Amino acid sequence: MSTAQSRRLPQGGRIDRTRSLRFSFDGAAMTGHPGDTLASALLANGVDIVGRSFKRHRPRGIFSAGAEEPNAWVSLEHGAHAIPCAAATQVELYDGLIARSLNCWPNASFDLGGVLDRFAALMPAGFYYKTFMWPARAWGRYEHIIRHAAGLARAPLAPDLERYERRFDHCDVLVIGAGPAGLAAAAAATRAGARILLVEERAALGGSLLDLDAAIDARSGLDWTAERTAVLESCARARILTRASAVGYHDHNLVSILERVQDHVAPGSRMRTLPRQRLWHVRARRVVLATGSFERPLLFANNDTPGVMLAHAAATYAERYAVRAGRRAVLFTDNDSGYRAAAALQAAGIEIVAAVDRRPATSDGINAALEARVPILRASAVVAVRGGRKVRAALVAPLDASGERLAGAARSFDCDLVCVAGGWNPAVHLFSQSGGKLRFEPAIQAYVPAQSAQQERSAGACAGTFSLLDGIAQGEAAGSQAAFECGHGSGPVSPPPAAPRRSSNPAPVRELPSLARSARKNIFVDILNDVSAADLALASHEGYGAPELAKRYTTAGMGVDQGRTGNINALAVLATAQGLVLEQLPTTTFRPPYVPIAFGAMAGRDIGALYEPLRRTPISDWHEAHAALMEPVGAWRRPACYPRAAESFAAAVRRECIAARNAVTLCDVSTLGKLDIHGPDAVRLLDMLYTNDFSTLKPGRARYGLMLKDDGMVFDDGTTSRLGADRYFMTTTSGHADAVADWIEEWLQCEWPRWRVFAVPVTTQWAGILVSGPRARVLLERLETSFDLARERCPFMSIHQGSIEGAPARLLRVSFTGELAYELYVPARYGLGLWQRLMDRGSDLGIEPIGTEALHVLRAEKGFFVVGHDADATVSARDLGAEWLISRTKSDFIGKHSLSRPELKRSGRLQFVGLESDDPGIVVAEGSPIVAASGATSRQHGPAAAIGRVTSSYSSPTLGRSIALAMVSDGLARLGEAVSVIDRGTPRAARLCSPRFYDPEGSRLHG
Amino acid sequence: MLLIPCPHCGERNEIEFACGGQAHLERPGPQADATRWARYLYYRANPNGTQRERWFHAAGCRRWFNVERDTASHEIRTAYPMGEAPAP
Ligand SMILES: [Zn+2]
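Note that the protein sequences, when read in sequence, are chains A and B. Residues 5 to 1011, numbered by our numbering, are exactly what the first sequence covers, in order. Residues 919 to 1006, numbered by our numbering, are exactly what the second sequence covers, in order.
Honestly, the hints are just simulated from the structure, not real lab data. Since we're looking at a predicted model, the values are computed, not measured. Quick reminder that beta carbons are idealized off the backbone N, C-alpha and C, glycines included. Worth double-checking, as some hints may not be accurate.
Said to hold, decoys possible - Calculated from the model, a selection of chain A residues having no Cβ within reach of chain B, i.e. all distances over 12 Å: (1) Gln266; (2) Ala654; (3) Ile898.
Unchecked claim - Partial chain B-side listing against chain A, Cβ under 7 Å, derived: (4) Leu920; (5) Ile933; (6) Phe935; (7) Thr953; (8) Trp955; (9) Leu959; (10) Gly1001.
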């Protein structure tokens, strides 16, 4: 490594030399200046190797100066601020920046993984697919090596402490890219009166003018930029977003934009009031794409060696950043633009050793001064570079008339920089994401936007218009036309130029001849993913030559750079392999995001407690204050049980169950779905929703009901009570409350819009407390109530409206536990008070609060199924043994027609049964498969077929043994049959039985 | 993300809505034969082009309505209230 900023030019550059910024790379301290990117600062400090390649661990150097960078991906900072993978060319330098190279150990310059390059032949194209297809045991040998080597970076281990935001916005005209064309479009649209948003990836406006200045209307491009910027900044209708990348172009002109709000500030100095990044979703009436273009590399052996660089990038480092990427350069070009770059290099004092031009004929535009001073080798190509860790020489050979074969021996030119200029690819990524169709334009040897799918237009280099003045004119026309379409201004003053495309006379994009066939494995087409010309040729040879297949087979274009520098060359190589030319192959699809996005930016504030609104009952505070173990139930948190000090979960559930069977217990059932159903057609609605008959339900009575979907499968169950002539109170399961409410609404709005009935969700209006146990009536009688609790006047399945402890209340006598039980409903604000009053009054009755786990055990002892636990969407009413709930008199209800489908009547369907293991101490795991008793022991016939599975399994304190519920093929006809449960791999002998383990006559719940 | 013109609220982002699939399905009466019932339950058009579908403005007015959408381009030609026919 060289001394501090040894490659910084003594003057020039658009950097602030008055201030120095310290940073470190792989632990080495370095300095740079404001205005530097991490890449320019690394180059200034003489760093040649910035990382090792993904697969073969070859040394790699900085290749570009922008978003197309394939090599200089680094990790930044550490701990909570770690960024695993960032392009050094896009990282603004700040004081204290810590950067590390990827894919190498111990560091980029000395990497032990480098030996992998010697075994390149072991990882040819399609390596992963071929590996998977070897005998299964081979994968076991490779897995740990591949897992270790896979991925471009290490995921940070510490939680990301940065804050992110998401923002929705609107505008008339969204202009993406603030280069010459974008600035012109934005200014024109603003002048016309449109509300615009101008989005620029970099910190400052100007685009390519900031890299290499150019004259516009007899003034410098920078002055022109400043004028346009001033116009925009002074107008309230125009908003400018810098450090913001448009990452996705979605349907209906929605563009997502990643704004790097504080990435350019050291983590310790960031403002707490601002997020690190903000993800915008902008709905624009019109979009102007002015996203520029990327330079294409040219291919030759060892083209990945540090010191090989895009010509425009080398020129940008010299002119914008005052950094000399080398001392002696070879220019390899196939179009005129390379000479503009060479002139910038010469101006910075870099010697041009040779200008190698692929084209046979004389071309316009060759810089006369350059020609005067350096030999231009026409009809020649760089065929290889030498050097390994850094370019030392370029081998140049003449081409024959076809340009496809070598015509002589190679000459060696000593150099430390090879600048490649293979023409320009319009950045059509967003256009392509919008659904637009591309077209190959021979004049510029590149794909350009052809047919729009959305309300957008492209201007400037991204439209294939490489001439500066033409691009500006096109931008102005696009901006004023877009504004006009939004109702502003009078349309383009002059019609847009017919894109004369002042061509830089590029040679056709082709794979170039190489010195030897074996050299192709070191001709890197996708540099980031280590995909060589040999890999692509092999893919083609093995039948994966179609671009979309080759991309997946070789991973060309699938890296974080999305193959910006490699894709077109990859098509050219594939074409050559198939005896075609580039334009005969279809392009691959561009997908969002255009640049990598942190997961944090996508999540925004929707993380942790804000991920989903947490639903709390009016009694939740009490549960938490009494050490309840809370468990998620949908969006709710419910007590699973209330363990006492040092009490295990199982012991707590056991104690709660015993209290429920012997004393009295409270359970918070506020989460049950509740609907107020009223209107003259209320009973008509209920009769359609439930399988059983509600027309016979009298006021003051309650009925259990089962809901199906129209396919006959169970959807929900619950109790509905009749409060008055046209008024009903429906309860649903906790988990399905919203789904049932939405479902009823859909039927009412779409199928029965004329029915006079409302179904209003009132779940959170009412607190619900289940008072259950043989002493429940005694407890309630101690409270001040208007209810007559006498058994005759408050029988099982009745509802009563009145008051309790001064609060208006509904008392519903139903039982899910199998004991004497009351559900008390009071307006939510009375819930906590009533709960506390009940606990107080019941203290000498042995009262206990119980959680959902005890409730589950109690209901399982009774053989009550839980929809969503024992039954899923493949279980019909009949499968549950609920035939008695299916009305024979109703002409229709949802699901009725399907119950007569042969599929639901066939034998062999899984049916709901009980299951007892022979050893009463064994609680088999829920989900365990059940096989016939003989199946578990006879192995010679292969695995036994499962005849069902365990759906619920508990230890029952009441019965002193384990119990389980199961869905078993033809189960109802097999009660008493011996089976085997495969419990976590171990066969357990068991017997099918009725699910009613406890009090099958139901005498207790009628108590 | 689509921009959906709710007939009751105006244009809103797709995240406010739930899609209910093909519109104008007719639920056969109790006497329908098995074939018709199966068609109602399971058979859906899957056109490459214009499709009428019903949407629910779940995070808005809570009303169901119909949309005529091009499944290829996602262009929404019209939206109209439940029970009405689309504008010609
Ligand atoms: Zn609406």
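#### Entry: Numbered hints the structure breaks, given as an ascending list
3, 5, 6, 7
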